[in-house]
Amino acid sequence: MSARAEGTAAALPPIAIPRRRRRIRGSSIAVFVFLTMVALFVAIPLYVVVVTSFKPIEEITLGEIFNLPVRWTIQPWMKAWNELCTGLACDGIKQGFFNSVAILFPSLVLSIAISSVTGYALALWNVRWANGFLFVLFICAFVPFQIIMIPLIIIVASLGIFGTVWAIALVHAVLSMPLLTLIFRNFYKDIPRELINAAIMDSGSFWRIFREIVLPMSGNIMVVVLILMITTVWNDYLVGLTFGGISAKPMTVILANSVITSRGEAIYNVNMAAALLTAVPPLVVYFALGRFFVQGITSGAIKG
Amino acid sequence: MPDVRFEHIVKRFGTLSVLEDLNLTVADGEFLVLLGPSGCGKTTLLNLLAGLLDVTGGRITIGERDVTELDPSQRGLAMVFQSYALYPTKTVEGNLRFGLAAQKLDRAEIDRRVAWAAQLLQLERMMSRKPSQLSGGQRQRVAIGRALVKHAGVLLFDEPLSNLDAKLRTEMRLEIKKLHQALHQTIVYVTHDQIEAMTMATRIAVMDQGVIQQIGTPDEIYERPANLFVARFIGSPAINTFDATLAIEGDRVLARHAPTGIAIDLTRHAFGRRPEAGAPVVIGLRPEHFAVDGAVREDDAVRLSLPVRYSERTGSDATAFLEAGDQLVAIRIEPSLMPSLRIGEAMNASFPGEKLSVFDARSGLRM
Chain Y
1 MSARAEGTAA ALPPIAIPRR RRRIRGSSIA VFVFLTMVAL FVAIPLYVVV VTSFKPIEEI
61 TLGEIFNLPV RWTIQPWMKA WNELCTGLAC DGIKQGFFNS VAILFPSLVL SIAISSVTGY
121 ALALWNVRWA NGFLFVLFIC AFVPFQIIMI PLIIIVASLG IFGTVWAIAL VHAVLSMPLL
181 TLIFRNFYKD IPRELINAAI MDSGSFWRIF REIVLPMSGN IMVVVLILMI TTVWNDYLVG
241 LTFGGISAKP MTVILANSVI TSRGEAIYNV NMAAALLTAV PPLVVYFALG RFFVQGITSG
301 AIKG
Chain D
1001 MPDVRFEHIV KRFGTLSVLE DLNLTVADGE FLVLLGPSGC GKTTLLNLLA GLLDVTGGRI
1061 TIGERDVTEL DPSQRGLAMV FQSYALYPTK TVEGNLRFGL AAQKLDRAEI DRRVAWAAQL
1121 LQLERMMSRK PSQLSGGQRQ RVAIGRALVK HAGVLLFDEP LSNLDAKLRT EMRLEIKKLH
1181 QALHQTIVYV THDQIEAMTM ATRIAVMDQG VIQQIGTPDE IYERPANLFV ARFIGSPAIN
1241 TFDATLAIEG DRVLARHAPT GIAIDLTRHA FGRRPEAGAP VVIGLRPEHF AVDGAVREDD
1301 AVRLSLPVRY SERTGSDATA FLEAGDQLVA IRIEPSLMPS LRIGEAMNAS FPGEKLSVFD
1361 ARSGLRM
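Chains as they are written, first to last, in the working numbering: chain Y, 1 to 304; chain D, 1001 to 1367.
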């Protein structure tokens, strides 16, 4: 209420009629409670992980997991990065981090390159049996990795790259291709037909049109696919475990090997710190690229 | 510059037949407008020529070259699209260059052509802008420039002005016409707008339901429509048509309009074939060929005296609508006559016999 309305309320009726407060309905209370519970379901364990990672081990043994640390320490984080043991080697999780990065980049390049070109061809060119091909892709997207795991291992081994980051990158590219191709195809399908016709008349070249016209228009979908792929590849455990052999274990595999240990004492604070370190990169990607989701690059380009 | 020939063109989409045995020749340097209502097949025909669609049957030649099986980029064509279809991520200059770079021309030649088009279409000051930073008219000019720089033998236009406002459309119409007069390129231009067709074309092909109804100069199409469809499609206000019956009295041929009893003297009409008594016909009278009031001529083929129903003014013109039985007759009048018109009062009008069209009511063909 404004000052005027308060001061003269006795003499004059208020000019502005206050907006009636909206009643909160029963159903929205139920939704609200449900959403809160879901949020807490994630937030509480996360809280425990975070505070534990900053506690010295003596505080953890007290068993009061919800308490904030009495003495904050980043010692567990340093240890997790540099000295975490997997089996007999105590090189920290940093080796896994570098492995994961080494896996990530070829995976991204390979998967995006293959599926964007395939999607472009299926969406904008007359490909014979395109619909049949799409249907097969669609079916492939539903085949669980575990079913084809063993044949894949044999294929990859015969290529002579088993146990290297290239094996993992290749498998990621192959496994993600159906979904990514469908995503790219649906995006490119929305490019106005006349624009592609103009490009076809100007230059009949498949690659030239892709490189100079279509690819520069793909910013939005690239961000979406990047986020999707970075999270998938970074968080993957099974592909890394099966195809990485001994030398190319990604971060998740090293983390699991250290944390799921059946011997010795569990160093909870170091384990929690290692888990958080593993989880951080996809989060960074989300925050860094998230804002590009909103922007449209083709707006106003076709009609005014 | 080459001519374009369509020979026995057939186009079907699945079981839907759009064009059946269509033949058309576009002469070298001609500005041919394909005119027709939506869905008449005119854009399909253009896309077949461009190579964006494949023919089901028939042959297309440009010059002496059979292009039926060639890819669009190899046909020596340039096209301006309805939505402009500028490359959104390229600048104006990039848009002009793209097609030339693909032709593997050397740099100096590309620079020369781009500069030429920029100067011709006054694009110089916007060369580094993106399409999204241009107005509709500017985008249209860039789209035309992109087609012109290719120095293609044949230029195709697919309803290029339909997204512009009325004033800009008039300007661009003139610009395109001037370009044609300056460059003498063969142009095939698709539109549903009769004014565009009438003002720009050297020849018009009127299409309906996949068939070319008439092909001729704008004058021929307008003054001597080959059938009722063409007569009614061209002209605004539309042509007046009356159902009538032929009667032969001695050596005179008359067409009687039953509801009003008006008899139209067709004795001097150049019939394409012998008129039969009792044959149903449709008489077409263009609104602007009427003479009214003081100008009425006694020896004209048609003389009317009908009550005025209402009148309307459209800028430089005015139209009076007279009541003739259950239909209205539109007559173009001088706007200065407007104040003297009284609703319900009879108005005298006459129509010269050499300007009227007679159609067979059954086939719709000109007689």
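One should not assume that every hint holds.
[What the hints assert, rightly or not] Quick list of the computed label-pair ranges, beta carbon to beta carbon:
1. Y:L226 <-> D:A1101: 25 to 35 Å
2. D:D1021 <-> Y:S205: 29 to 39 Å
3. D:Q1209 <-> Y:L35: 55 to 65 Å
4. D:K1177 <-> Y:V136: 46 to 56 Å
5. D:T1061 <-> Y:L226: 26 to 36 Å
6. D:A1346 <-> Y:R193: 34 to 44 Å
7. D:S1038 <-> Y:N131: 27 to 37 Å
8. D:R1012 <-> Y:V280: 40 to 50 Å
9. D:A1101 <-> Y:P144: 21 to 31 Å
10. D:R1012 <-> Y:F142: 35 to 45 Å
Hints are computed from structural coordinates only; laboratory data are not their basis.
This structure is a prediction, so every number in the text was calculated from the model and none was measured.
Quick reminder that beta carbons are idealized off the backbone N, C-alpha and C, glycines included.
Hints and how they fare:
1. Y:L226 <-> D:A1101: 25 to 35 Å: holds (30 Å)
2. D:D1021 <-> Y:S205: 29 to 39 Å: holds (35 Å)
3. D:Q1209 <-> Y:L35: 55 to 65 Å: holds (59 Å)
4. D:K1177 <-> Y:V136: 46 to 56 Å: holds (53 Å)
5. D:T1061 <-> Y:L226: 26 to 36 Å: Violated: the Cβ-Cβ distance is about 49 Å, outside 26 to 36 Å.
6. D:A1346 <-> Y:R193: 34 to 44 Å: Given about 57 Å between the Cβ atoms, the range is violated.
7. D:S1038 <-> Y:N131: 27 to 37 Å: Holds - the Cβ-Cβ distance for S1038 of chain D and N131 of chain Y, about 29 Å, lies within 27 to 37 Å.
8. D:R1012 <-> Y:V280: 40 to 50 Å: At roughly 60 Å between Cβ atoms, V280 of chain Y and R1012 of chain D fall outside 40 to 50 Å, so the hint is violated.
9. D:A1101 <-> Y:P144: 21 to 31 Å: violated (47 Å)
10. D:R1012 <-> Y:F142: 35 to 45 Å: The hinted range 35 to 45 Å holds for R1012 of chain D and F142 of chain Y, with Cβ atoms some 37 Å apart.
In this structure, the earlier hints numbered 5, 6, 8, 9 are contradicted, and the remaining ones agree with it.
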